[in-house]
Amino acid sequence: MSSIQLPTRRRPPGMLTAVCTLVLSLGIVFTVIDWWPGAGHSVDALTDLLILLAVGTLLLVTGIVWAVKTFGIVCQDRRWSWWVVPAPTIVLTALVIVLLVPAPSFQSARDDFEMAVRNLPDTSESTAGTDVSVGPFTMSMITKHPAGTVYFHHADQGWFRSAGGWVYSPGGRPAGDEYYEKFEVTHIDGPWYEFRGTLPTW
Numbered sequence: 002m003s004s005i006q007l008p009t010r011r012r013p014p015g016m017l018t019a020v021c022t023l024v025l026s027l028g029i030v031f032t033v034i035d036w037w038p039g040a041g042h043s044v045d046a047l048t049d050l051l052i053l054l055a056v057g058t059l060l061l062v063t064g065i066v067w068a069v070k071t072f073g074i075v076c077q078d079r080r081w082s083w084w085v086v087p088a089p090t091i092v093l094t095a096l097v098i099v100l101l102v103p104a105p106s107f108q109s110a111r112d113d114f115e116m117a118v119r120n121l122p123d124t125s126e127s128t129a130g131t132d133v134s135v136g137p138f139t140m141s142m143i144t145k146h147p148a149g150t151v152y153f154h155h156a157d158q159g160w161f162r163s164a165g166g167w168v169y170s171p172g173g174r175p176a177g178d179e180y181y182e183k184f185e186v187t188h189i190d191g192p193w194y195e196f197r198g199t200l201p202t203w
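In this text, residue positions in the sequence shown follow the working numbering: the first is 2, and each later residue adds one.
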């Protein structure tokens with residue numbers, strides 16, 4: 002006598018999927034806005050990029066698992082479960098946060114930059130150490146050159162031979178002080194400029 006097999010119901014993508022989605026979405030938010038609990042904006046751009054790739058891949062895998070289970074429940078079993086809702090809700094919330102939270106800008110931290118200039122030693126040339134925080138930014142180095150020109154080397158823009166950041170140049174448009182093979186500046190306003198440079202192969 003053959004037994005009657007009842008159709009098996011697929012389990013909804015439950016709490017584990019929701020928790021994984023929450024953790025991974027928080028990781029992406031922290032990476033994109035360059036803010037981590039306890040670290041602030043001190044994580045360099047390369048580390049942020051590697052974290053973003055890893056977390057994004059894991060979130061994609063989690064999304065595929067969620068989609069397969071949801072398809073089985075809604076389309077094949079023809080039923081509904083509230084555990085389908087949390088994962089996409091979390092992802093959409095994270096996306097809204099990323100879009101609404103403004104990225105750190107020079108103008109928002111201008112007072113901190115001007116204070117850093119005032120606090121530098123009154124000498125013709127000096128260096129204010131490494132990994133110096135200026136507002137929400139971390140500087141790999143701050144250097145003061147003749148004529149009062151001050152270079153703020155942004156740690157996130159230091160890639161191999163590349164450098165970038167901001168320049169305080171009261172004497173006019175800076176020329177790189179012969180420390181760069183290639184030097185480009187964009188005037189912000191007043192004595193402030195944004196720069197990108199290529200270091201020489203000494």
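In short, the hints are calculated from the structure, not lab data.
Errors might be hidden in some of the hints.
Quick list of the computed label-pair ranges, beta carbon to beta carbon [to be verified]:
| hint | residue 1 | residue 2 | range |
| --- | --- | --- | --- |
| 1 | G64 | T199 | 19 to 27 angstroms |
| 2 | G149 | I52 | 16 to 24 angstroms |
| 3 | T90 | V69 | 15 to 23 angstroms |
| 4 | V20 | S106 | 33 to 41 angstroms |
| 5 | V69 | V97 | 34 to 42 angstroms |
| 6 | A55 | R119 | 39 to 47 angstroms |
| 7 | L23 | D190 | 24 to 32 angstroms |
| 8 | L17 | S163 | 41 to 49 angstroms |
| 9 | R174 | S109 | 43 to 51 angstroms |
| 10 | V66 | H188 | 22 to 30 angstroms |
| 11 | S109 | V86 | 50 to 58 angstroms |
Here the structure is a predicted model, which is why all the values come from computation and not from measurement.
The C-beta atom is built at its ideal place from N, Cα and C for all residues, glycine as well.
Evaluated hints:
| no. | hint | in the structure |
| --- | --- | --- |
| 1 | G64 - T199: 19 to 27 angstroms | violated, 40 angstroms |
| 2 | G149 - I52: 16 to 24 angstroms | violated, 39 angstroms |
| 3 | T90 - V69: 15 to 23 angstroms | holds, 19 angstroms |
| 4 | V20 - S106: 33 to 41 angstroms | holds, 34 angstroms |
| 5 | V69 - V97: 34 to 42 angstroms | violated, 26 angstroms |
| 6 | A55 - R119: 39 to 47 angstroms | holds, 41 angstroms |
| 7 | L23 - D190: 24 to 32 angstroms | violated, 42 angstroms |
| 8 | L17 - S163: 41 to 49 angstroms | holds, 42 angstroms |
| 9 | R174 - S109: 43 to 51 angstroms | violated, 24 angstroms |
| 10 | V66 - H188: 22 to 30 angstroms | violated, 51 angstroms |
| 11 | S109 - V86: 50 to 58 angstroms | violated, 36 angstroms |
Violated hints for the displayed structure, listed by number in ascending order: 1, 2, 5, 7, 9, 10, 11.
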